[in-house]
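Participant: For the protein sequence lines, the chains are A and B, in the order given. Position 39 (the first sequence) corresponds to 39 in this note's numbering; numbering is contiguous. Position 77 (the second sequence) corresponds to 77 in this note's numbering; numbering is contiguous.
To be clear, the hints were calculated from the coordinates, so they are not data collected in a lab. Note that CB positions come from ideal geometry on N, CA and C, so glycine has one too. A couple of the hints might just be wrong.
DEER-style ranges, computed between Cβ atoms [to be verified]:
#1 Asp80(A) <-> Thr49(B): 14 to 24 angstroms
#2 Asp94(B) <-> Leu22(A): 31 to 41 angstroms
#3 Met1(B) <-> Thr25(A): 32 to 42 angstroms
#4 Gly5(A) <-> Pro170(B): 31 to 41 angstroms
#5 Leu107(B) <-> Thr25(A): 41 to 51 angstroms
#6 Ser132(B) <-> Gly51(A): 42 to 52 angstroms
#7 Gly16(A) <-> Glu8(B): 42 to 52 angstroms
#8 Glu8(B) <-> Gly5(A): 34 to 44 angstroms
#9 Ile29(A) <-> Glu2(B): 28 to 38 angstroms
#10 Pro26(A) <-> Asp94(B): 51 to 61 angstroms
#11 Arg100(B) <-> Pro26(A): 48 to 58 angstroms
#12 Thr49(B) <-> Gly61(A): 32 to 42 angstroms
#13 His134(B) <-> His81(A): 23 to 33 angstroms
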Amino acid sequence: MFVFGALLVLTLVTVGVSYLRLPETPAVIIGLSIALTKAALVAMYFMHLKGEKPAVYWPLGLTAFLFVGLLVSVLLSEGDHLFGTEFGDAFTKE
Amino acid sequence: MEIPYTTEVRPDTGLTNPKLGIWLFLASEVMLFGSLFSSYALLRSGAPTWPVQHEVLSVPLAALNTVVLIASSVTMVMAWASLAPHTAAVRAGDGEAEARSLKRYRLFMGLTLLGGAIFLVVKSIEYSDKFSHHLYPATNNFLGLYFTLTGLHALHVIVGMIVNGFLWGPGARMWRSEPERFANRIEVAGIYWHFVDVVWIFLFPVLYLL
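All chains, please: the whole structure from these sequences, using the hints.
Facilitator: Structural data, given as structure tokens:
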């Protein structure tokens, strides 16, 4: 029941924060942090992941690693565009 | 042939086979949804312009659906908790405990199914509203991703409801014959159902709020 309450409060907070219309970077950081917290609560308490056996942890750990890899692959191909560090400039100037 | 280790723990994994099986399946699901989330990140970060998402989609409806899905996860936990402590009593032939726990289980599993149904009704209202404004998956990249991600998620809700519906109805006969195995089935079905909830917990901010 405590977890249920926490999940409802976090849902309210994330909707509330979105109405503040923050700039993109803090909005993404706050929005995803709240989502991660909620997901962790569901996984730990509802899915009984807290105190689970190692045979569950290691495949999930591997999956988490590969999942991060999927997102990093986006960063590798779009990083230049996102952070404005176009290496191409070095060759075009002068 | 008997399926091995449905209730007793397998010594080398320390788990029952269904428990290990559902987690391996969910690991593959993480990669399925992960590939779509990373496609979203790639297309959005590479796009010169992006629609203001909360102006295209309905945040109140999605917030309602978030609450509905979280509530249905809670009732799923209650459904399992109605059975799990009573397996030994049912095994020992306590007819009253069997009937009482089954009734309680049916109530909470029924509420879980209701939650899933409400979620799908709200989702279909959202979809038909988009279509009536001539917003289709082909309209732009954002809507393409929106319909793909939420459509795949809705499919998971439907599959979960089919499994839960079976366990509510004809599947519940197992509670009398093999109580431990039936309680395990509810736990495993619950782990899947909570995963569907977790996916929505990420879809909601990514597609609606940010």
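Participant: Any hints this thing doesn't respect? Which numbers, in order?
Facilitator: Of the numbered hints given earlier, those the structure breaks are 2, 3, 9, listed in rising order.
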